[in-house]
Amino acid sequence: MKAEEETRAKEAEEQRKAEEEEKGKAAADAEHADDVQAKADAEAEAREQQRMQQEAAVLRGIITGSPGAREEARKQRWVVEEDADSGDEALGVLSSLGRSMSTWASVVAIGFSFTMSSNPMEAGRQIANMCRRQGGIYVKAAQTASSMEFAFPHEVLEEFQSLQDSADPQSWSEVESRVRKHTPGGIDAMYESFSEEPINAASIAQVHVATRKTGEKVAAKILRRNIAASFDRDVKDYLGLLGMYESATGTPVKWMMEWAMEELKKELDFRWEADLQEECQRFVDSKKELRGRLAVPILHAELCSRRLLVMEYIDGCKLIKAPEHFDDWDYARDVPAIHEALETWHAMQLFLTGHFHGDPHPGNVLLRRRPDKQRPGQCPFQVVIIDHGGYYSLDDDTRKLYAEVWSMMDEPKNDAQKTARRDRLKEIMAGWGIGHTSRFVLEQMFNGHFGSADPTASITENGEARRHRWNWMHQKRDDLGPPVFADTGKMPPALMKAFGVGNFTRSAWTLLSKGRKELRGWDFCKVRVGIMIHWAKQSPGVRRSP
Numbered sequence: 001m002k003a004e005e006e007t008r009a010k011e012a013e014e015q016r017k018a019e020e021e022e023k024g025k026a027a028a029d030a031e032h033a034d035d036v037q038a039k040a041d042a043e044a045e046a047r048e049q050q051r052m053q054q055e056a057a058v059l060r061g062i063i064t065g066s067p068g069a070r071e072e073a074r075k076q077r078w079v080v081e082e083d084a085d086s087g088d089e090a091l092g093v094l095s096s097l098g099r100s101m102s103t104w105a106s107v108v109a110i111g112f113s114f115t116m117s118s119n120p121m122e123a124g125r126q127i128a129n130m131c132r133r134q135g136g137i138y139v140k141a142a143q144t145a146s147s148m149e150f151a152f153p154h155e156v157l158e159e160f161q162s163l164q165d166s167a168d169p170q171s172w173s174e175v176e177s178r179v180r181k182h183t184p185g186g187i188d189a190m191y192e193s194f195s196e197e198p199i200n201a202a203s204i205a206q207v208h209v210a211t212r213k214t215g216e217k218v219a220a221k222i223l224r225r226n227i228a229a230s231f232d233r234d235v236k237d238y239l240g241l242l243g244m245y246e247s248a249t250g251t252p253v254k255w256m257m258e259w260a261m262e263e264l265k266k267e268l269d270f271r272w273e274a275d276l277q278e279e280c281q282r283f284v285d286s287k288k289e290l291r292g293r294l295a296v297p298i299l300h301a302e303l304c305s306r307r308l309l310v311m312e313y314i315d316g317c318k319l320i321k322a323p324e325h326f327d328d329w330d331y332a333r334d335v336p337a338i339h340e341a342l343e344t345w346h347a348m349q350l351f352l353t354g355h356f357h358g359d360p361h362p363g364n365v366l367l368r369r370r371p372d373k374q375r376p377g378q379c380p381f382q383v384v385i386i387d388h389g390g391y392y393s394l395d396d397d398t399r400k401l402y403a404e405v406w407s408m409m410d411e412p413k414n415d416a417q418k419t420a421r422r423d424r425l426k427e428i429m430a431g432w433g434i435g436h437t438s439r440f441v442l443e444q445m446f447n448g449h450f451g452s453a454d455p456t457a458s459i460t461e462n463g464e465a466r467r468h469r470w471n472w473m474h475q476k477r478d479d480l481g482p483p484v485f486a487d488t489g490k491m492p493p494a495l496m497k498a499f500g501v502g503n504f505t506r507s508a509w510t511l512l513s514k515g516r517k518e519l520r521g522w523d524f525c526k527v528r529v530g531i532m533i534h535w536a537k538q539s540p541g542v543r544r545s546p
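Just so you know, we're using my numbering here: the sequence shown kicks off at 1 and counts up by one.
By construction, these hints were calculated from the structure, which means they are not laboratory data.
This structure is a prediction, so every number in the text was calculated from the model and none was measured.
Note that beta-carbon positions come from the ideal geometry of N, C-alpha and C, so glycine has one too.
Honestly, I wouldn't trust all of these hints.
Derived DEER-like restraints, expressed as beta-carbon distance ranges [to be verified]:
hint	residue 1	residue 2	range
1	427	396	11 to 21 Å
2	298	321	31 to 41 Å
3	68	188	40 to 50 Å
4	239	168	24 to 34 Å
5	291	327	25 to 35 Å
6	329	423	45 to 55 Å
7	510	287	42 to 52 Å
Computed cross-link-like contacts, DSBU-like style, restricted to lysine-lysine with a CA-CA straight-line distance of at most 30 Å [claimed, not checked]:
hint	residue 1	residue 2
8	537	517
9	400	318
10	400	321
11	217	181
12	490	265
13	181	265
14	490	426
15	426	413
With these hints in hand, go ahead and build the complete structure from the sequences.
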């Protein structure tokens, strides 16, 4: 009996010890788990602190505009796709529906007017007026059409050209949320001040002046709300209108505008413009012929996004306002120097790379004082090119052919060379669908006018030419020869944009030199042609002209 009790006691003691060991092990396991969790929590906290420190360091780098932050922003520009701005899509749909109804009401009126009068000038003028009323993409489209001299009468082109890229500004209440969303750390963290009133409001964006915490004065370009959401419908309606014009007049216009609208869509994503602006800056800085004479605003890449561009503020004025802006402006000294700088830049872009700024209208070309020292008698002003969204590219074969064409524009040495060049020009032009080589050269390349006494002059075409030019362009009369374009389908659209750049050249220099006795004897078109010929001959891979 006693032995049994001892056995039971022994078993109970062993059980108790086992339970105590189990409890101890459980406690140890729990303590270990607590230690592991504590360590994990500490590591997580350390990682969070490190992340916050890194973010703070990045933010400090952005606030101070450090080179490292700027370079990293360039690398990351296309890595992350941002979502569309909230509310824009719905607002854009409502807005575009209303605009579409307004557009087609205008289309009916224009169609009726054309049916009654069969006057393409009146139809074109009504299209221009409709674009003026609708604003936004319509203004950009009309500006593109203004370079299509083959498509519209001269009077209509003047209407299109008069459509300055301007618009009523959007209110700060609409703009502020977009700026805040696309500014790291928010507006107050990044800027000492940010003007609520824009200094410029255009069809797709508006520009505000701000001062960074670094003290740097900058220009902030902000995409207008709803413009992206309504783009597709606006373009569809506009192309529909041009289709009616094309059917009524027999003038092919949609082929060019369809391509142009696809290119324009890129301008709604400012990352494209940021890339192009920096590319142009590198190009200018690398060329001794341009360095100092011409500049591109420094981009603050760390503050840029799809909807917001921030860049160096340019303390100057628009090119055509220079005579009244600068007290020491000298027509004889400054106009030729600035003209040569701009024309050299365009020719070098076009012939050396095939990649060119296709929208250098007066609002996109500024002047400021040169930051470096000048020699006595040297022009003290520097050309600054802004708005780099509208770039176009010639494929390599087209670039070489266009350069070859220009390289044949100098004075031939003899009749044999003249004949050889004429034959080669006709061969190239036929490949571009051009039916009248000499008229094309005069009107599209030299930017002279049919009927002018001097085909390379910039004077407005005379009254007689003005009356019959439209008929000739569209072969309404047999005695005027073949039309310029025999087959528009063969013409590279980007090449048409290259021709159109000359329209700005002609209008800007005409305005600056008109009536100035100081500039008598200075033929800016002759200078332009000489510059184009020179750089065409430097074009890589260009065929040696006959």
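Hints and how they fare:
no. : hint                   : result
1   : 427 to 396: 11 to 21 Å : holds (19 Å)
2   : 298 to 321: 31 to 41 Å : violated (23 Å)
3   : 68 to 188: 40 to 50 Å  : violated (24 Å)
4   : 239 to 168: 24 to 34 Å : holds (25 Å)
5   : 291 to 327: 25 to 35 Å : holds (26 Å)
6   : 329 to 423: 45 to 55 Å : holds (48 Å)
7   : 510 to 287: 42 to 52 Å : violated (28 Å)
8   : 537 to 517             : violated (34 Å)
9   : 400 to 318             : violated (33 Å)
10  : 400 to 321             : violated (37 Å)
11  : 217 to 181             : holds (21 Å)
12  : 490 to 265             : holds (24 Å)
13  : 181 to 265             : holds (22 Å)
14  : 490 to 426             : holds (14 Å)
15  : 426 to 413             : holds (19 Å)
The structure fails hints 2, 3, 7, 8, 9, 10 (numbered hints given earlier, in ascending order).
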